[in-house]
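Here the protein sequences line up with chains A and B, keeping their order. Taking the working numbering, the leading residue of the first sequence gets 1, the next gets one more, and so forth. Taking the working numbering, the leading residue of the second sequence gets 1001, the next gets one more, and so forth.
It cannot be assumed that every hint is accurate.
As the list claims (entries may be wrong) - Derived pair list, reagent style DSS-like, types lysine-lysine, alpha-carbon separation capped at 30 Å:
#, chain 1, residue 1, chain 2, residue 2
1, A, LYS107, B, LYS1102
2, B, LYS1102, A, LYS180
3, B, LYS1268, B, LYS1170
4, A, LYS180, A, LYS167
5, B, LYS1163, B, LYS1081
Claimed, not checked - Quick list of the computed label-pair ranges, beta carbon to beta carbon:
#, chain 1, residue 1, chain 2, residue 2, range
6, B, GLN1271, A, ASP124, 55 to 61 Å
7, B, LEU1107, A, GLY67, 31 to 37 Å
8, B, TRP1073, A, GLN69, 50 to 56 Å
9, B, TRP1073, A, THR117, 48 to 54 Å
10, B, LEU1092, A, PHE252, 23 to 29 Å
11, B, LEU1160, A, SER108, 42 to 48 Å
12, B, GLY1047, A, ASP64, 18 to 24 Å
13, A, PHE256, B, GLY1047, 25 to 31 Å
14, A, ASP64, B, GLN1271, 42 to 48 Å
Treat the hints as calculated values from the structure; they're not laboratory data. Idealized CB from N, CA, C, for every residue including glycine.
Listed below, chain by chain, are the residues.
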Amino acid sequence: MSTSLRPMLALAAFVLLSLSALAQTLAQTSGPTVAPAGTATAEPDRRESIEADVSTRNISVETDFTGSQVVVFGTIENSRQISADQGLYDIAVVIEGPREALQTRRKSNVAGIWINTSMIRFDDVPSYYALVTTRPVTEIAPKPVLYQHGIGFENLRFQTSAQLGVKELEDFREAIFRIKRRQSLYLDQPRGVAFIGRSLFRASVDLPANVSVGQFTAWIYLFRGGDLLSTFKTKLGLERGGFEREVHNLAFRQPFVYGLAAVGFALVAGLLASMAFRRN
Amino acid sequence: MQIYLPIAELSVNVLIILAMGGAVGFLSGMFGVGGGFLITPLLIFMGISPAVAVATGANQVVASSVSGALTQWRRQNVDVKLGTIMLTGGILGSIGGVQIVKILRALGQIDLFISLTYVTFLGIIGALMLIESVNALLRNRQGSTAQQRRQSHRNWLHKLPLKQRFHRSKLYISAIPPFALGVLVGFLSAIMGVGGGFVIVPAMIYLLKVPTNVVFGTSLFQTVFVGAFTTIMQAYQNQTVDAVLAGILIVSGVIGAQIGVQTSARLKAEQLRAILALLVLAVAVRLAFGLIVRPEDIFSIAPVAVTS
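Let the hints inform the model, and build the full structure from the sequences given.
Next up, the structure:
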């Protein structure tokens, strides 16, 4: 029931935001006539900022979970854009999953067999990372700006205590990106944010079925001419729910009982089947 | 119809799992084996982590062997004394195996170890079975009276101490070989997620010289217990038993097994053994291939197991 409600809520929020944006637009157009003449040069209120939200703040991972789609939507306050396609602003949306320790291994051929021969542990790798932007992130802002705010795959740094050469470390880092991309856990959608009207924008981001549960953070960055104007941060959570949650909790909190139950089910199923077929 | 597995942490198609369980159940019923040696590699090929695959395989083995064990029990084909000795060894082997799984998981070598164990055991046993069954088929074709040359000479096994009388097997042998066999099978159960029938049956026939009718009953008897014990151990120590996955496999598996049993009655024993041998070899070759061929990506990643 709640799953069908969520998109509707998102839609309602979206409509509300659109209305507020519209009201703002109207206020702006009529603004100069109302404003006192003395404050015409200083415009502290006219600085652009963003407000945004996600369509689903809590995603429940249940037995029917096949991934999820999150819509990030928001509005630019004091937008000076004339239309949606003017391209005055750029938006970058970053969604990051819970950070986790990751073992990265490299195989090499030992006596004809491929064996993991070197391993590095990284302590804080985002389990999920999506970069959704209005255009390729390198076109949006110069590298130092992106670096300063830690935006984009290039600026993701992982902690490791391993003693390795720069080149080798880079190989392992790249492997994480490559494999995570293959698993759809790291994604880059350079044209994923769309403007609707002068100030409204939206982006939809896919969370695949193999995503880790936990707290996710969404950052929304507003750029104009390569400068970061405003940042907005919001959270969303993925939690196990329903039967899925019960099974997982039992397995980890009462592993012995869980094991007994698994064996019990196997015994009963085996015996029932042999009884059923004997009667036939 | 997709279902999200709570321990394997991925979404799979229920129908595929049901079909897999049914097919393997059918084969296991037909050949009188647990089917763990087929289930585990299939799960691994599907992308389920080897550690979860072996633990879940052990769970499935319990279901597929319990009905057979009960049937054999009613026919008085279970040598409880022999089975209990093997079982004791089996439990010790299983404890050891589960610890090794835990250590190798931390070292990142569990996948390799599972594959190597599979290739070694399935390769040897598949080859031996194939040779034996082809010989038997050829003998039958030539029409020569297949004389069951029962080797009566006493081998080195009879020189061991701790001799016991096993009434149902009509044997007077040392308790050490069945115990050692049990240890090996318990170990394999933990590492490979198998019941170990494919090791235990030939070993009982050719090494211990147990009468064939008692072999299957006793083997199934100890498989049920070792499988159950391994499942509980894996769940307790490694949290790698996916009960949802096992449940789906079991539901279709036990039905498939019953159909398999009925089908096997229409086939000749030698033919059955030859087909089983080919199947065992095919799995071994497929796994060996994975070890030898250069992987698409020589890098791999795995979340660090939370140490409890």
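Could you check the hint for me, namely that B:TRP1073 and A:THR117 are 48 to 54 Å apart, CB to CB? 49 Å, holds
Note whether the CB distance of B:LEU1092 and A:PHE252 lies within 23 to 29 Å or breaks it. Holds, at about 27 Å.
Looking only at beta-carbon atoms, does the pair A:PHE256, B:GLY1047 fall within the given range of 25 to 31 Å? Between A:PHE256 and B:GLY1047, where Cβ atoms are some 28 Å apart, the hint holds.
With 42 to 48 Å as the target window, see if B:LEU1160 and A:SER108 comply at their CB atoms. 44 Å, holds
Taking 30 Å as the top limit, are the C-alpha atoms of B:LYS1268 and B:LYS1170 close enough? 27 Å, holds
Against the 30 Å threshold, does the CA-CA distance of B:LYS1163 and B:LYS1081 hold or violate the hint? 13 Å, holds
Hinted pair A:LYS180 and A:LYS167, Cα distance within 30 Å: Satisfied, since the Cα-Cα distance of roughly 20 Å is no more than 30 Å.
Quick check on a hinted range of 18 to 24 Å for B:GLY1047 and A:ASP64, using CB atoms only. The hint (18 to 24 Å, Cβ to Cβ) holds, given that B:GLY1047 and A:ASP64 are roughly 19 Å apart.
Below or equal to 30 Å on CA atoms is what counts here, so check B:LYS1102 against A:LYS180. 25 Å, holds
Between A:LYS107 and B:LYS1102, is the straight-line Cα distance small enough, at 30 Å or below? With a Cα-Cα distance of about 21 Å, the restraint between A:LYS107 and B:LYS1102 holds, given a limit of 30 Å.
Return holds or violated for the Cβ distance of A:ASP64 and B:GLN1271 against the range 42 to 48 Å. At roughly 44 Å between Cβ atoms, B:GLN1271 and A:ASP64 fall inside 42 to 48 Å, so the hint holds.
Take the C-beta atom of B:GLN1271 and the C-beta atom of A:ASP124, compute their distance, and say whether it sits inside 55 to 61 Å. Check passed, 58 Å falls within 55 to 61 Å.
Every hint, counting from the list given before, is met by this structure.
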